[in-house]
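S.K.: Chain by chain, the residues:
Number of protein chains: 2
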Amino acid sequence: MSKKIGSQTYKLNNNVVIIGNAATVGSKEGAGPLKKYFKYIESDDLMGETSFEKAERKMMELTIERALKSCGLTEKKLDLLIGGDLLNQLVTINYSARDLSVPFLGIYGACSTMSESLAIGSMLLDGGYGDYIACVTGSHFSTAERQYRNPLEFGNQRQTYSQWTVTGMGCSILSNQGNGPHITKVTMGKVTDWGVKDIANMGAAMAPAAMSTLTAFFKDTKTRPEDYDLIISGDLGKLGSDILKDLMQKEKYPLGQNYVDCGHMIYSNEQKAFQGGSGAGCSASVFNSYIITKIKEGVFKKVLFMATGALMNTTLNQQGESIPAIAHLVMVER
Amino acid sequence: MSKKIGSQTYKLNNNVVIIGNAATVGSKEGAGPLKKYFKYIESDDLMGETSFEKAERKMMELTIERALKSCGLTEKKLDLLIGGDLLNQLVTINYSARDLSVPFLGIYGACSTMSESLAIGSMLLDGGYGDYIACVTGSHFSTAERQYRNPLEFGNQRQTYSQWTVTGMGCSILSNQGNGPHITKVTMGKVTDWGVKDIANMGAAMAPAAMSTLTAFFKDTKTRPEDYDLIISGDLGKLGSDILKDLMQKEKYPLGQNYVDCGHMIYSNEQKAFQGGSGAGCSASVFNSYIITKIKEGVFKKVLFMATGALMNTTLNQQGESIPAIAHLVMVER
Chain A
1 MSKKIGSQTY KLNNNVVIIG NAATVGSKEG AGPLKKYFKY IESDDLMGET SFEKAERKMM
61 ELTIERALKS CGLTEKKLDL LIGGDLLNQL VTINYSARDL SVPFLGIYGA CSTMSESLAI
121 GSMLLDGGYG DYIACVTGSH FSTAERQYRN PLEFGNQRQT YSQWTVTGMG CSILSNQGNG
181 PHITKVTMGK VTDWGVKDIA NMGAAMAPAA MSTLTAFFKD TKTRPEDYDL IISGDLGKLG
241 SDILKDLMQK EKYPLGQNYV DCGHMIYSNE QKAFQGGSGA GCSASVFNSY IITKIKEGVF
301 KKVLFMATGA LMNTTLNQQG ESIPAIAHLV MVER
Chain B
1 MSKKIGSQTY KLNNNVVIIG NAATVGSKEG AGPLKKYFKY IESDDLMGET SFEKAERKMM
61 ELTIERALKS CGLTEKKLDL LIGGDLLNQL VTINYSARDL SVPFLGIYGA CSTMSESLAI
121 GSMLLDGGYG DYIACVTGSH FSTAERQYRN PLEFGNQRQT YSQWTVTGMG CSILSNQGNG
181 PHITKVTMGK VTDWGVKDIA NMGAAMAPAA MSTLTAFFKD TKTRPEDYDL IISGDLGKLG
241 SDILKDLMQK EKYPLGQNYV DCGHMIYSNE QKAFQGGSGA GCSASVFNSY IITKIKEGVF
301 KKVLFMATGA LMNTTLNQQG ESIPAIAHLV MVER
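First to last, the protein sequences are chains A and B.
For the first sequence, this note's numbering assigns the number 1 to the initial residue and increments by one for each residue that follows.
For the second sequence, this note's numbering assigns the number 1 to the initial residue and increments by one for each residue that follows.
For the record, the hints were derived by calculation from the structure and aren't laboratory data.
There could be a bad hint or two in this list.
[Unchecked claim] Not the full set, but computed from the structure, chain A residues with beta-carbon under 8 Å of chain B: (1) SER43; (2) LEU46; (3) MET47; (4) GLY48; (5) SER51; (6) GLU53; (7) THR74; (8) VAL91; (9) TYR108; (10) GLY128.
[To be verified] Subject to a maximum C-alpha distance of 16 Å in a straight line, what follows is the list of computed EDC-like cross-link-like pairs (lysine to aspartate or glutamate): (11) LYS252(B) to GLU270(B); (12) LYS77(B) to ASP131(B); (13) LYS36(B) to GLU297(B); (14) LYS190(A) to GLU297(B); (15) LYS3(B) to ASP229(A); (16) LYS36(B) to GLU49(B); (17) LYS3(A) to GLU321(B); (18) LYS35(A) to ASP227(A); (19) LYS36(A) to GLU49(A); (20) LYS36(B) to GLU61(B); (21) LYS301(B) to GLU333(B); (22) LYS4(B) to ASP220(B); (23) LYS58(B) to GLU321(A); (24) LYS11(A) to GLU333(A); (25) LYS294(A) to GLU333(A); (26) LYS252(B) to ASP227(B); (27) LYS190(B) to GLU75(A); (28) LYS54(A) to GLU226(B); (29) LYS35(B) to ASP229(B); (30) LYS252(A) to GLU226(A); (31) LYS238(B) to GLU226(B); (32) LYS58(A) to GLU321(B); (33) LYS301(A) to GLU251(A); (34) LYS11(B) to ASP131(A); (35) LYS190(A) to ASP227(B); (36) LYS77(B) to ASP44(B); (37) LYS76(B) to GLU61(B); (38) LYS302(A) to ASP229(A); (39) LYS39(A) to GLU49(A); (40) LYS190(B) to ASP220(B).
Glycine included, C-beta positions come from ideal geometry on N, C-alpha and C.
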């Protein structure tokens, strides 16, 4: 009965298809290297609203609507909405779910939320729990910055090893029928903490968690990095993905040219985002644009998508605690 | 293939058994009407730690350990830990999960987290995803009060319609084999918001969500309140559960003597908790003590356990938003 392979990985027996998807991003992301993959680029950071929190919510609601539209569904067909965001108490998705009026499960995995929602959604569909499930997450630079770091008005200098929170949203519609990329395996991560305490250095805090999940997946499935067309982490950024490469080398699973990081890809050097993008919207928007497009085009046939999240809050950081992190992985096939 | 009944309810086809459980509470809860059901009462609010946040985490870790012990398991046997808490970014469970080192899914449903975790955990087990899953949540008066309302040192007067955040934790261990109460049906709630803006009046904010989920369950299963031995809501408190009774009357599903509320039960009038208990720890500790004990004793054979959660945060409340709420339901049978 159990679908478990090895220690942390599960094999989906039934069809789990990504039948629809949408990504919405802000103007900075829309001016970066991935701009041709972003169908929806919003020029107004405030989305015509009176607060950044309301803007973030509007962006999420629009993205769910756009994902539903991409596969010709209305929200009435949805059995379930799964997702979260970076704001305290997940208010972006809570208020979006209120306006959608569909059964809802709120989850929190920080920047790992996209793969966490895809993991839960695909296991529930595979188990016979519904026909259509929407998975969504995202972030907004201006809400995250003032909640996690400093008020925007403070105008602080950024550390060279810091990342830039992506203003962006991604939504995938999963179904047990239809056409599109398939989710075939799921690895749920363990919380990993190697003692990093600097909240500007998210890449270093999250790399060990990414290593833990990726190594578990290779061991569980008895495969190696070279068996996949694309291995893509969430938002380790340049520094974090370099650390992951070092760690995987030590684990005897060296990552080659097929490994990239969403955070590393989303901004160019000229955009002054230092180590690259971060935030739940980073992997969510890259997955629901570039990755799905390339799978559909046949460029990638077997993809490991692993979003990574840092699980601290400001209170515990100020109490001197280190930063725990997690990474969840889904395998997506053409 | 689909296990859906009606619009929001799912029937579990396989064995999903609550094989172990534990509840830990603070001294105020341990002095209340349910004291004889609480096996673990902690006299020190700080649990010997240097901050309330660390105390909350220690209480959660101990409760997971106690639940595992109650069924003779070690954490190594766990396929998954599911849960959340009320602190920003779920730091109580994130740090607990770090120390346990098992695959982990963080969820957030505010005070509905106990039934949300039981719902996800039982669907995953039923679908063949693992053999042992731990579901946990809880809250601490002193961390919640300073995060959501006022610093303790402020010494504010409490409104007569307010509730008292329970210092308590509850953990259930689910398995696809063994003895214990069974989870047989699950109803996932929709976010409901009737416009309440007063963050002291959680009962009024959450009652419409409870009505929505309970009515959906009765319609989906073609049953009525009198078909169950116990219908128990999470933490509506006295006022909120009176509102729910009114609303259910209007929906033509009047609730009788078999309906009670965890928040209403946990404190006596003399304990000055006004409308009763609230917080994720309220329903979690009552479910994992009183309810499971009474099911095992045969007093209750068919129970509807529905935890309720208010999904706002302080920022959006200060921006003038109303309070969205949700309720998830699990049916537990002897």
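S.K.: Each hint: holds or not?
M.R.: Hint-by-hint comparison with the structure:
Contact between SER43(A) and chain B, as hinted, is not supported at the beta carbon level, the nearest pair being about 24 Å apart and thus beyond 8 Å. Hint status for LEU46(A) relative to chain B: violated, with the closest Cβ pair at about 13 Å, above 8 Å. A hinted interface residue such as MET47(A) counts as satisfied when its beta carbon comes closer than 8 Å to some beta carbon of chain B; here the least separation is about 15 Å, so the hint is violated. Given hint, GLY48(A) at the interface with chain B, is violated; its Cβ is 16 Å from that chain's nearest Cβ, farther than 8 Å.
This hint holds: SER51(A) has a C-beta 6 Å from the nearest C-beta of chain B, less than the 8 Å allowed. Hint on GLU53(A) holds. Least Cβ distance to chain B is approximately 6 Å, under the 8 Å limit. Interface hint status for THR74(A): violated, as the beta-carbon distance to the closest one in chain B is roughly 15 Å, over 8 Å. Because the closest C-beta pair between VAL91(A) and chain B is about 5 Å apart, less than 8 Å, the hint holds.
Checking TYR108(A) against chain B by beta carbon gives a least distance of about 5 Å; that is within 8 Å, so the hint holds. Residue-level restraint check for GLY128(A) holds (minimum Cβ-Cβ distance to chain B is 5 Å; threshold 8 Å). Taken as a hint, the LYS252(B) and GLU270(B) pair is broken in the structure, with Cα atoms around 35 Å apart against an allowance of 16 Å. Between the alpha carbons of LYS77(B) and ASP131(B) the distance comes to roughly 8 Å, so the proposed pair stays at or under 16 Å and holds.
Proposed proximity of LYS36(B) and GLU297(B) is supported: the alpha carbons are some 15 Å apart, at most 16 Å. The hinted pair formed by LYS190(A) and GLU297(B) fails the criterion: a straight-line CA distance of about 37 Å is larger than 16 Å. Annotation: proposed proximity of LYS3(B) to ASP229(A) is violated, straight-line Cα distance about 35 Å (limit 16 Å). Note on LYS36(B) and GLU49(B): the hinted pairing is violated, with a Cα-Cα distance of about 27 Å set against a maximum of 16 Å.
Simply put, LYS3(A) and GLU321(B) have alpha-carbon atoms about 44 Å apart, too far for the 16 Å limit, and the pair is violated. Of the supplied pair hints, the one linking LYS35(A) and ASP227(A) is violated, its CA atoms being roughly 29 Å apart against a limit of 16 Å. Of the supplied pair hints, the one linking LYS36(A) and GLU49(A) is violated, its CA atoms being roughly 27 Å apart against a limit of 16 Å. Note on LYS36(B) and GLU61(B): the hinted pairing is violated, with a Cα-Cα distance of about 22 Å set against a maximum of 16 Å.
Proximity of LYS301(B) to GLU333(B) is assessed by CA-CA distance (about 5 Å); at most 16 Å being required, the pair is judged to hold. Among the hinted pairs, LYS4(B) with ASP220(B) is consistent with the structure: their alpha-carbon atoms are about 9 Å apart, no more than 16 Å. This hinted pair checks out: LYS58(B) and GLU321(A) have alpha carbons roughly 14 Å apart, not beyond 16 Å. A distance of roughly 13 Å separates the Cα atoms of LYS11(A) and GLU333(A); the hinted pair therefore holds under the 16 Å criterion.
Of the pairs offered as hints, the one joining LYS294(A) and GLU333(A) holds, with about 11 Å between alpha carbons and a cut-off of 16 Å not exceeded. Restraint check for LYS252(B) and ASP227(B): the C-alpha separation of about 15 Å stays at or below 16 Å, so the hint holds. Annotation: proposed proximity of LYS190(B) to GLU75(A) holds, straight-line Cα distance about 13 Å (limit 16 Å). Between LYS54(A) and GLU226(B) the alpha-carbon distance is near 43 Å, which puts this suggested pair outside the 16 Å criterion.
For the proposed pair LYS35(B) and ASP229(B), the alpha carbon gap of about 22 Å is over 16 Å, so the pair is violated. The hinted pair formed by LYS252(A) and GLU226(A) meets the criterion: a straight-line CA distance of about 12 Å does not exceed 16 Å. Between LYS238(B) and GLU226(B) the alpha-carbon distance is near 21 Å, which puts this suggested pair outside the 16 Å criterion. With a C-alpha separation of about 14 Å, the suggested pair LYS58(A) and GLU321(B) falls inside the 16 Å cut-off, and the hint holds.
Pair hint LYS301(A) plus GLU251(A) does not hold up; C-alpha atoms about 25 Å apart against a cutoff of 16 Å. Straight-line distance between C-alpha atoms of LYS11(B) and ASP131(A) comes to about 15 Å, which keeps the hinted pair within the 16 Å bound. Pair hint LYS190(A) plus ASP227(B) does not hold up; C-alpha atoms about 42 Å apart against a cutoff of 16 Å. For the suggested pair LYS77(B) and ASP44(B), the alpha carbons sit about 31 Å apart, so the restraint of at most 16 Å is broken.
Between the alpha carbons of LYS76(B) and GLU61(B) the distance comes to roughly 15 Å, so the proposed pair stays at or under 16 Å and holds. The suggested pairing of LYS302(A) with ASP229(A) holds, with an alpha-carbon distance near 5 Å, which does not exceed 16 Å. Proximity of LYS39(A) to GLU49(A) is assessed by CA-CA distance (about 22 Å); at most 16 Å being required, the pair is judged violated. Proposed proximity of LYS190(B) and ASP220(B) is supported: the alpha carbons are some 14 Å apart, at most 16 Å.
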